[in-house]
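Peer 1: The lines below spell out each chain.
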Amino acid sequence: MDLSYTQEQQEFRKEVRVFLAENLPSRISEKVRLGKRLVKGDTQEWSAMLNARGWLAANWPKQYGGAEWDAVQRQIFEEETCLAHAPRLVPFGLTMLAPVLLAFGTEEQRQRFLPRILSGVDWWCQGYSEPGAGSDLAALKTTAVLNGNHYVVNGQKTWTTLGQHANWIFCLVRTSADVKKQSGISFLLIDMETPGVTVRPIVLIDGQAEVNEIFFDNVRVPVENLVGEQDKGWTYAKYLLTHERTNIAGVGFSDAALATLKHVAAHTMAGGRPLDRNPHFAARMAQVEIDLMAMRTTNLRVVSAAAKGQAPGAESSMLKIKGTILRQELTSLLRRAAGPDAMPYLPEFLEGRDTTDPFGPEHAPSAAPTYFNMRKLSIFGGANEIQRTIIAKAILEL
Amino acid sequence: MDFNLTEERAMLRDMLQRFLGERYDHEARRKLIASGAPYDADILIELAKLGILGAMFSEDDGGFGGTGFDLLVVFEELGRVGTIEPVVGSAVLAGGLLSELGNASQKALIGQVIGGVTVLALAHGEPQSRYDLSRVHTTAQADGGQIVLNGTKTHVVNGAQAETLVVSARENGAKDDEGGISLFLVPLALEGVTCIDHRNVDDTSGARIVFDNVRLAQSDRLGKAGSAFAALETATARATLAVCAEAVGAMEAAKALTVQYLKERKQFGVPIGKFQALQHRMVDVLIEIEQARSAVVNLAGNLEAERNIRERHVSATKNLIGRVGALVVEESIQMHGGIGMTDEYALSHFARRLTMIDHLFGDVDHHLERFIALSAA
Numbered sequence: 000m001d002l003s004y005t006q007e008q009q010e011f012r013k014e015v016r017v018f019l020a021e022n023l024p025s026r027i028s029e030k031v032r033l034g035k036r037l038v039k040g041d042t043q044e045w046s047a048m049l050n051a052r053g054w055l056a057a058n059w060p061k062q063y064g065g066a067e068w069d070a071v072q073r074q075i076f077e078e079e080t081c082l083a084h085a086p087r088l089v090p091f092g093l094t095m096l097a098p099v100l101l102a103f104g105t106e107e108q109r110q111r112f113l114p115r116i117l118s119g120v121d122w123w124c125q126g127y128s129e130p131g132a133g134s135d136l137a138a139l140k141t142t143a144v145l146n147g148n149h150y151v152v153n154g155q156k157t158w159t160t161l162g163q164h165a166n167w168i169f170c171l172v173r174t175s176a177d178v179k180k181q182s183g184i185s186f187l188l189i190d191m192e193t194p195g196v197t198v199r200p201i202v203l204i205d206g207q208a209e210v211n212e213i214f215f216d217n218v219r220v221p222v223e224n225l226v227g228e229q230d231k232g233w234t235y236a237k238y239l240l241t242h243e244r245t246n247i248a249g250v251g252f253s254d255a256a257l258a259t260l261k262h263v264a265a266h267t268m269a270g271g272r273p274l275d276r277n278p279h280f281a282a283r284m285a286q287v288e289i290d291l292m293a294m295r296t297t298n299l300r301v302v303s304a305a306a307k308g309q310a311p312g313a314e315s316s317m318l319k320i321k322g323t324i325l326r327q328e329l330t331s332l333l334r335r336a337a338g339p340d341a342m343p344y345l346p347e348f349l350e351g352r353d354t355t356d357p358f359g360p361e362h363a364p365s366a367a368p369t370y371f372n373m374r375k376l377s378i379f380g381g382a383n384e385i386q387r388t389i390i391a392k393a394i395l396e397l
Numbered sequence: 000m001d002f003n004l005t006e007e008r009a010m011l012r013d014m015l016q017r018f019l020g021e022r023y024d025h026e027a028r029r030k031l032i033a034s035g036a037p038y039d040a041d042i043l044i045e046l047a048k049l050g051i052l053g054a055m056f057s058e059d060d061g062g063f064g065g066t067g068f069d070l071l072v073v074f075e076e077l078g079r080v081g082t083i084e085p086v087v088g089s090a091v092l093a094g095g096l097l098s099e100l101g102n103a104s105q106k107a108l109i110g111q112v113i114g115g116v117t118v119l120a121l122a123h124g125e126p127q128s129r130y131d132l133s134r135v136h137t138t139a140q141a142d143g144g145q146i147v148l149n150g151t152k153t154h155v156v157n158g159a160q161a162e163t164l165v166v167s168a169r170e171n172g173a174k175d176d177e178g179g180i181s182l183f184l185v186p187l188a189l190e191g192v193t194c195i196d197h198r199n200v201d202d203t204s205g206a207r208i209v210f211d212n213v214r215l216a217q218s219d220r221l222g223k224a225g226s227a228f229a230a231l232e233t234a235t236a237r238a239t240l241a242v243c244a245e246a247v248g249a250m251e252a253a254k255a256l257t258v259q260y261l262k263e264r265k266q267f268g269v270p271i272g273k274f275q276a277l278q279h280r281m282v283d284v285l286i287e288i289e290q291a292r293s294a295v296v297n298l299a300g301n302l303e304a305e306r307n308i309r310e311r312h313v314s315a316t317k318n319l320i321g322r323v324g325a326l327v328v329e330e331s332i333q334m335h336g337g338i339g340m341t342d343e344y345a346l347s348h349f350a351r352r353l354t355m356i357d358h359l360f361g362d363v364d365h366h367l368e369r370f371i372a373l374s375a376a
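Going down the list, the sequences are from chains A and B.
Under numbering that gives the first Met the number 0, the first residue of the first sequence is numbered 0, with each subsequent residue one higher.
Under numbering that gives the first Met the number 0, the first residue of the second sequence is numbered 0, with each subsequent residue one higher.
None of these hints come from the bench; they were simulated from the model.
Careful: at least some of the hints might be erroneous.
[Claimed, not checked] Footprint (simulated), chain A over chain B, 3 or more residues, beta carbon under 8 Å:
1. 62-71
2. 118-130
3. 211-225
4. 234-242
5. 361-367
[As the list claims (entries may be wrong)] In the EDC-like style, the derived pairs of lysine to aspartate or glutamate whose C-alpha atoms are separated by at most 16 Å in a straight line are:
6. B:Lys30 - A:Asp177
7. B:Lys265 - A:Glu347
8. B:Lys254 - B:Glu330
9. A:Lys35 - A:Glu384
10. B:Lys273 - A:Glu347
[Stated by the list, open to error] Here are some chain A residues pointing at chain B (derived, C-beta under 8 Å):
11. Arg109
12. Arg111
13. Asp135
14. Ile204
15. Ala341
Just so it is clear, CB atoms sit at the ideal spot from N, CA and C, and this is done for glycine as well.
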């Protein structure tokens, strides 16, 4: 056992810090720090900066323009970017589609799509969930029927995160009906500018339209947009659930949220003293920190095992459950810390029209919306209930 | 002991439930908010006609209720549909202070509140006061025969919709003394009063109100100079009961939606309510809501008790409601999945209101600490 980072890893951390200090625009990091709403251009601007440095695709092989970092390097990068309040990278192309193309796509597909992810020409979204297929994803009903050189796609996807910005969507579609439900699913890439694709935003509890419904009405998709073999899409989707999920614990996000919480609690007066001197609030804050200290090591234990060639498998479900509980608890504490100032709903302030009066400290307006928004963490990417079932089956063999 | 409602209160509840069931729903509220209106003025008038606002006041003040159990019955029903109309800030907080401290001519306003023709607001909280009732920095200084008001009030419930404000200000004492606080009746339109309206997360309305050399007469004072704290505490106790009862109504509504969803939503070929993992959690939610109801009954029954007993119940109930509220919100959303997070589904409103109630009149941490202090006293 050795808990220390190697000299090389420490150098890497320094390099990342210098890069962030020199490049990340404060205009953007301030938005992230205060929980304000990012626009498409903010994410694109930051992605382009990382791409220019060769750091956008942390997990891709170098031959495709990736950084080819190991798991510990990725962890360091995540920690540093979160603490610097860099925008979250949109994962759908970088860490969801790309690994599937690298593992199961054709060389032609890799050459066609990967550079466009790096350059930002394409913004991908994920077409998995449907109104009748959430936790039971394999019950999906969107169909793709082969007709000459095209699949004709009909159906509906939902909860499509940031689909309003996307020009491409990777979908799980049903290509065979009369087989076990997992066996008739294919992985299809669909250009969203194709006739018959309709995007309808869904306003969520925090007032933002972050997710969308996407309708497919006789959408013609060229057969070369099929990834891997027809009817094998479930295998590719599952591959994603157990690979490339080193970030799933969100330790970096929790680190950043804890730092913000400590700062807020130290500067908020409650009952005549700083909030971090209130024994009840301080105890809750300390418990989160204690959990997070252990979580960081749990995460590193799992990801470094993966770095030696072992896939994390069901352990990634453990990281997801514990990681999301901590992140949600942090948003709950930040909400409480804001006190009465958490009450006003100020979309203009959250959208960065800074002339708006926040009616209290600048961190307060996002406290409640973020608390509500982060309820999604335990729902999406496989609800925490599903993750528990995976652990019960795969690890406990129950 | 009798845990049944009196016949009159049961009738009041049934009538209110029927009226709100017919006239109030999530979609109507969403349309109203989209139109920019702070609340439905017609609903307020109709609530007045049904005697709902009168139920907030005693017979001496022209009402026909005013006890803890009257508040409990009314606010549970208001919470069950998620109303945003100005009842708690106007009738319970400001109205309660008028009732307790007002002279005959000042009390004339109560009749207008009961009739639904005017809205009052209590302007008490300040930027630095958080949940402390005695931390009043706004000053009221004698100037000749007049009084000059200076200071800033925040999160004034329905402040911008009110015609008349009840404003707390310090006439003497240090900045967090209980003594030295006075209350004044101030028309919102008076010179030197600036009001900035804002919507809250739960679609209710709040305001920041600045008093800049506002000149008042001695006769605008409510009660005796410098001795309003006890009345503020009592009014806040009543308002705390009101929002806690409202929370129980909202919890019941969230529970009903969630149970219905567990029965209807099928995954893996069965209704998800068949999964024991969810059943047990829903049962825990039910148990906690029953606890919340009991806590509210405890507070309602002790609202007229001596100060220390009453305030212990205020803190106990508000702490428990805050904890159970968060559980109900988080579990209801989780068991719904994505649909539970959408604005167009009614659960979102109940979730926002339940959460914001934790930020009104002190949250779980504030009241836990206060309960410990009151218990030691």
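Peer 1: Straight-line Cα separation of Lys30 of chain B and Asp177 of chain A no greater than 16 Å?
Peer 2: violated (45 Å)
Peer 1: Given that the segment 211-225 of chain B was listed as covered by chain A, double-check it with a C-beta distance under 8 Å for 3 or more residues.
Peer 2: Check failed, 0 qualifying residues.
Peer 1: Do the alpha carbons of Lys35 of chain A and Glu384 of chain A lie within 16 Å of each other, as the hint requires?
Peer 2: The given pair, whose Cα atoms are some 30 Å apart, is violated under the 16 Å limit.
Peer 1: Holds or violated: Lys265 of chain B and Glu347 of chain A, Cα atoms, limit 16 Å.
Peer 2: violated (39 Å)
Peer 1: With a cut-off of 8 Å, does the beta carbon of Arg109 of chain A approach a beta carbon of chain B closely enough for the hint to hold?
Peer 2: For Arg109 of chain A, the interface hint is violated, since the closest Cβ of chain B sits about 32 Å away, which is over 8 Å.
Peer 1: Take the segment 361-367 of chain B, compare each residue's beta carbon with every beta carbon of chain A, and decide whether three or more fall closer than 8 Å.
Peer 2: Contact hint for the segment 361-367 of chain B vs chain A: holds, 5 residues under 8 Å.
Peer 1: Within the assertion that chain A covers the segment 62-71 of chain B, do at least three residues meet a Cβ-to-Cβ distance smaller than 8 Å?
Peer 2: That given contact is violated, which follows from only 0 residues of the segment 62-71 of chain B lying within Cβ reach (below 8 Å) of chain A.
Peer 1: Tell me if the interface restraint on Arg111 of chain A is satisfied: Cβ within less than 8 Å of some Cβ in chain B.
Peer 2: violated (32 Å)
Peer 1: Okay, the segment 234-242 of chain B and chain A, do three or more residues pass the C-beta test at under 8 Å?
Peer 2: With 0 residues closer than 8 Å to chain A, the segment 234-242 of chain B misses the three-residue bar; violated.
Peer 1: When I compare C-beta atoms, does the segment 118-130 of chain B have three or more residues closer than 8 Å to chain A?
Peer 2: Satisfied; 5 residues make the cut.
Peer 1: Has the given pair, Lys254 of chain B with Glu330 of chain B, been kept, meaning a C-alpha gap of at most 16 Å?
Peer 2: Holds, at about 9 Å.
Peer 1: Can we keep the Ala341 of chain A interface hint, with Cβ of chain B closer than 8 Å?
Peer 2: holds (5 Å)
Of the numbered hints listed earlier, those contradicted by the structure are 1, 3, 4, 6, 7, 9, 10, 11 and 12.
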